[in-house]
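Protein sequence lines correspond, in order, to chains A and B.
Using UniProt numbering, the first residue of the first sequence is number 1, and each one after it goes up by one.
Using UniProt numbering, the first residue of the second sequence is number 1, and each one after it goes up by one.
Honestly, the hints are just simulated from the structure, not real lab data.
Hints are supplied without guarantee of correctness; some may be wrong.
If several chains are the same, the list does not tell them apart, and a pair holds so long as it fits within one copy or across any two.
As the list claims (entries may be wrong) - Straight-line Cα separation of at most 20 angstroms, DMTMM-like style, residue types lysine to aspartate or glutamate; simulated pairs:
1) Lys-59 with Asp-129
2) Lys-59 with Glu-102
3) Lys-59 with Glu-73
4) Lys-59 with Asp-124
5) Lys-59 with Asp-22
6) Lys-59 with Glu-122
7) Lys-58 with Asp-119
8) Lys-58 with Glu-122
There are 2 protein chains.
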Amino acid sequence: MKWSDLDHDSCPVARAMSVVGDRWTLLILREAFLGTRRFDGFQDRLGITRHLLAERLKKLEALGLMHRTPYQERPLRHDYRLTPAGRAFGPVMLMLVDWATENLPSDLPPPVRVVSQADGHEVDPVVVDRATGTPLTYETMRLRRT
Amino acid sequence: MKWSDLDHDSCPVARAMSVVGDRWTLLILREAFLGTRRFDGFQDRLGITRHLLAERLKKLEALGLMHRTPYQERPLRHDYRLTPAGRAFGPVMLMLVDWATENLPSDLPPPVRVVSQADGHEVDPVVVDRATGTPLTYETMRLRRT
């Protein structure tokens, strides 16, 4: 595949870059997974300027990953919530965080843990094939150009 | 977490940005997963300049995701191969591609498919908890600050 194809977005890696290629976008999603919904909440947590935050939230709306709903009339105020497509990014973020924790060394403990909603045990994520349950690793899968 | 923490790399999301935050780095990894090993092979496939390619390969070596081995003495030539940490990125890339394919619309067919090494069937990746086999989704998991 050539660069020119990327401009036409045939490659999902290239499309994914619109989300993972931007640090603030990824961090806003992380905060949304942690339960943040208000503009001021995102701002406080991330220490981002209002201008940048507004811009990135608009981008996430345009991509269909977050949506705004009014929670107050005067003055008008909005909540920002994950759409189903945004929620579907959760497992991707989980794998990304797990991989970075294991493979990009840091002396500091990770600032978040991922636990099971059901019983609170810390989860150990692994990608498997839905049909067979086989772990999908470099050794068991193969990429093919179509 | 504040921006200042990110500079100290305590957040694995921030560390992951060194890989997923750069389009060429991600595309070089994709080519490596497709079997490319030679400098010229990466260049032909990606249409990247020699300068940028050399720089990104050095970065991938510095991160410990790829390593160089000589395959020829005169003139000296190298192969670029994935390290175990680089190979471990395979499942992350797979989830990223699967998510983008499902959630960021494109009119064009995806240029790569992922198949099982064992029998060649197209795989359907899902993240599960290793201990219980439960799919890890927005609904079943929870992020906690430590």
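Structure-based check of each hint:
Taking the shortest Cα distances, Lys-59 and Asp-129 never come within 20 angstroms of each other, neither inside one copy (32 angstroms) nor across copies (31 angstroms). In this assembly of identical chains, the alpha carbons of Lys-59 and Glu-102 lie at most 20 angstroms apart only when taken from different copies (18 angstroms versus 31 angstroms within one copy). For the identical chains of this complex, Lys-59 and Glu-73 are neighbours neither inside a copy (24 angstroms) nor across copies (51 angstroms), given an alpha-carbon limit of 20 angstroms. Taking the shortest alpha-carbon separations for Lys-59 and Asp-124, neither the intra-copy value of 31 angstroms nor the inter-copy value of 29 angstroms comes in at or below 20 angstroms.
In the homo-oligomer, the alpha carbons of Lys-59 and Asp-22 lie at most 20 angstroms apart both inside one protomer (11 angstroms) and across protomers (19 angstroms), since each shortest distance falls under that limit. Proximity of Lys-59 and Glu-122 under a CA criterion of 20 angstroms is satisfied in neither setting, with 32 angstroms inside one chain copy and 32 angstroms between copies. In this assembly of identical chains, the alpha carbons of Lys-58 and Asp-119 never lie at most 20 angstroms apart, being 36 angstroms within a copy and 44 angstroms across copies at closest. Taking the shortest Cα distances, Lys-58 and Glu-122 never come within 20 angstroms of each other, neither inside one copy (33 angstroms) nor across copies (36 angstroms).
Violated hints, in rising order: 1, 3, 4, 6, 7, 8; the structure is consistent with all others.
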